Amino acid sequence: GFWEKDLVLVGGGHAHVGVLKMIAMQRRRGVWKPDRYTRVTLIAKETLTPYSGMLPGYVAGHYTSEECHIDLVPLARLAGATLVHAAAVKVDPKAKTVHIARRGDLGESCPAVGYDVLSINVGITPDSSVPGAAENTTSV
Numbered sequence: 077g078f079w080e081k082d083l084v085l086v087g088g089g090h091a092h093v094g095v096l097k098m099i100a101m102q103r104r105r106g107v108w109k110p111d112r113y114t115r116v117t118l119i120a121k122e123t124l125t126p127y128s129g130m131l132p133g134y135v136a137g138h139y140t141s142e143e144c145h146i147d148l149v150p151l152a153r154l155a156g157a158t159l160v161h162a163a164a165v166k167v168d169p170k171a172k173t174v175h176i177a178r179r180g181d182l183g184e185s186c187p188a189v190g191y192d193v194l195s196i197n198v199g200i201t202p203d204s205s206v207p208g209a210a211e212n213t214t215s216v
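Plus 76 on top of the position in the sequence shown (first one is 1) and you've got the numbering used here.
Calculated from the structure, these hints are not laboratory results.
The structure displayed is predicted, hence computed values, not measured ones.
It is possible that some hints are incorrect.
Claimed, not checked - Label pairs and their in silico Cβ distance ranges: (1) G106 x E211: 45 to 55 Å; (2) D192 x K121: 15 to 25 Å; (3) G106 x A210: 42 to 52 Å.
Claimed, not checked - Capping the alpha-carbon separation at 27 Å, the derived lysine-lysine pairs in DSS-like fashion look like this: (4) K81 x K97; (5) K81 x K170; (6) K172 x K97; (7) K81 x K166; (8) K166 x K121; (9) K170 x K121; (10) K172 x K121; (11) K121 x K81; (12) K121 x K97; (13) K81 x K172.
Ideal placement from N, C-alpha and C gives every residue a C-beta, glycine not left out.
Using the sequences and the hints, build the whole thing.
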């Protein structure tokens, strides 16, 4: 078919933000020439991802929480990537697919996303059940 390779990025962590930014910049300059024709898909549970480089400014009161997040929607669009706003729940390396969570209460199951190259950059989820953590910490 037209698409020779499928690159799937799971998660909106710093590494994937960097990949999407690089692709977007190369597309803008007209130099994006992937091997054959590469289709890029970003699977992200959240569309806003925190930028830890701004944490000191946030703690000092220079930035709001909203200002310290990168919006993956326009970034994916600029990179020509398809954004799947859902959680990845399973990787099947034999079938080369990523299964994603069902959407909302509609009871619809989502098809698996196929890949040739898979990158996972979901970060960590801190344990906010520690007494005082939710009120006194900022996750990045």
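Open item on the list: Need the list of violated hint numbers for this structure, in ascending order.
Closed with: Violated hints: none; all satisfied.
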